[in-house]
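As they're listed, the protein sequences go chains U and B.
So the first sequence is numbered by this note's numbering: it starts at 1 and just counts up by one.
So the second sequence is numbered by this note's numbering: it starts at 319 and just counts up by one.
What the hints contain is simulated information worked out from the structure, not anything from laboratory work.
Just so you know, not all the hints are guaranteed correct.
Said to hold, decoys possible - DSSO-like, lysine-lysine: derived pairs with alpha carbons at most 27 angstroms apart:
{"hint": "1", "chain 1": "B", "residue 1": "K401", "chain 2": "B", "residue 2": "K370"}
{"hint": "2", "chain 1": "B", "residue 1": "K538", "chain 2": "U", "residue 2": "K118"}
{"hint": "3", "chain 1": "U", "residue 1": "K119", "chain 2": "B", "residue 2": "K406"}
{"hint": "4", "chain 1": "B", "residue 1": "K585", "chain 2": "B", "residue 2": "K538"}
{"hint": "5", "chain 1": "B", "residue 1": "K585", "chain 2": "B", "residue 2": "K406"}
{"hint": "6", "chain 1": "B", "residue 1": "K370", "chain 2": "B", "residue 2": "K403"}
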Amino acid sequence: MSALLEVDHLEVNFGGRVSAVRGASVTVERGETHCLVGESGCGKSVTALAVMNLLARGARRSAKRLAFEGQDLTGLSDSGMAHLRGNAMAMIFQEPMTSLNPAYTVGSQMTEVLRRHKKTTQRAATDRAADLLARVGITAPGLRLGQFPHQLSGGLRQRVMIAMALMCDPKLLIADEPTTALDVTVQAQILRLLAGLQRDLGLGMLLITHDLGIVARVAHRVSVMYAGEVVESAPTAELFANPKHPYTKGLLRCVPVPGKIRRDEPLGSIPGTVPRIGPGFEGCAFRERCDFADATCAHTVPRHAAGVAHDFLCRLPA
Amino acid sequence: MLQFLVRRLIVAILVAATVMTLAFILTRLSGDLAISIAGPNATQADVETVRKAYGLDRPLTVQFFDWVGRAATGDLGESYFFKTKVSKLIGERMPITVTLGLTGLVIALLVSLPLGILAAVRENTALDRVVQMVALLGQAMPSFWLGLILMITFGLQLGWLPISGTGSWQHYVMPGIVLAFSAIPALTRLTRAGMIQAMGSDYIRTARAKGLSRASILLKHALRNAAIPVVAIAAVQLGFMLGGSIVIEQVFALHGVGFLAWESIGKNDFPVVQAVVLVLAVIYVALTMVADLMNAVLDPRLRGP
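My request is simple: use the sequences and hints to build the entire structure.
Next up, the structure:
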């Protein structure tokens, strides 16, 4: 049986000048939470949008393989893709404040997605919307259905987005930094909710974040992205215990772990920023910021296996 | 919401009062009314008789407050020329002007909404530029000139449409088109800008992520938000059309309120002139209030929590 989502050598560029994603490969198994981590501008969100075919006009997408439940997505027509979106594969976004249409009620926006994809009555759709609002922890769902987005807080709006994404019983949920724009206390609630839903509904989840704390708590598998490439991918425990890529090691050093770090020990940081990379770039994109870089890093870099389901992209041996 | 309405109402009354004052002062500035009413062959004694008969010998402030007081109770005075009540004169002609204004508005919306949407969807293509060019051209074209061109082409040469009068619905087609042209550029550009902004918004990305059809994304989710400013401006444009139909009613010989104003100005029939200005101002202010109300209906955020 094929994996839920297979992305092999995904390339995305904007107007042929900026390469946002360069050969990234990500696989999400059924019922698995796969976290995509990396700093801003590394291509995480673009990867997610490319999978959903929601890239802005002017973006070009290509891949050796891009498949959902074994079905090729690259050759799919716009309407074929629209039939999958919001249905078997759903997505939630970073901006809960602006992601709902201000002109329509919560209920109308939730029911329309079910009525678009499934044969159902408005009555049944409204009932399902109310059930899901209750399921994502919203009290008085009947009242909320009749409210407009501006009457809800950011946390509530994100819960509505999550409930709306679940309307058609998706197999895959892509969550693009779903907690970044929220208050810290609300972040934890939303994260617990997502983790619980993933487990209970057996969702495959592609969770995009730059927060390694989130990764440690919910991910089964982690892929670290840097400058449009997946530089390391491993099961969560393995990655935290045995990071191989210098960038992954650097990222982990940036996170304080209570009990493991001395009070006077300085917190790590990685100097510099992610470079903007155009077409024709060769070698390791991290070499400018890497302590272990040498002349060979300017050439093609090998991908190593470092144990079961763990691989990384670096000249250093495993 | 109620507070908002009361505030708007106070502003509306102030605007009406200002317009009344200006209309009164401007008619007085156009020369000695007694002389023009009495006619070119009148003697000095005749003029004095006229002055007394029409109450023009009283101080200006007294005349002004007399007029305002009567207007407030709905008495707009009597026409010097037609010898009938001004309110009756305006009432008889208003249907023609309103029909013309609504025809113009409907034509304008039927043209500019699809054009604006099309230009937005094909942003920065040749089609977009053609639409913008047409809008610019429409803005630059004087309405009397366009009216004459249409009359020559469709009225005289092709003989498809009547060129003057108000006998049938066909009489309103050409003037309606000319009137619409004054509103089409603004409405088209507003629709285009609103649609471009809406299509780039996060909620449209959500709508696409939900797999909605292209028609639903464009017409239900984007247009609903893009239409908010368009509706408001359309209501204001209708006000412009009702007032601005003076020229077009003249060109097409439609005996509406604009035509009445034109005649009365020529005859120094100043109770009529003052009243027409007042009525049009009140309509205009009322329409801007309607625009605000429609905004609140379309944009739930304006309705308060």
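Hints, one by one, checked against the model:
no., hint, in the structure
1, B:K401 <-> B:K370, "17 angstroms, holds"
2, B:K538 <-> U:K118, "19 angstroms, holds"
3, U:K119 <-> B:K406, "60 angstroms, violated"
4, B:K585 <-> B:K538, "53 angstroms, violated"
5, B:K585 <-> B:K406, "18 angstroms, holds"
6, B:K370 <-> B:K403, "20 angstroms, holds"
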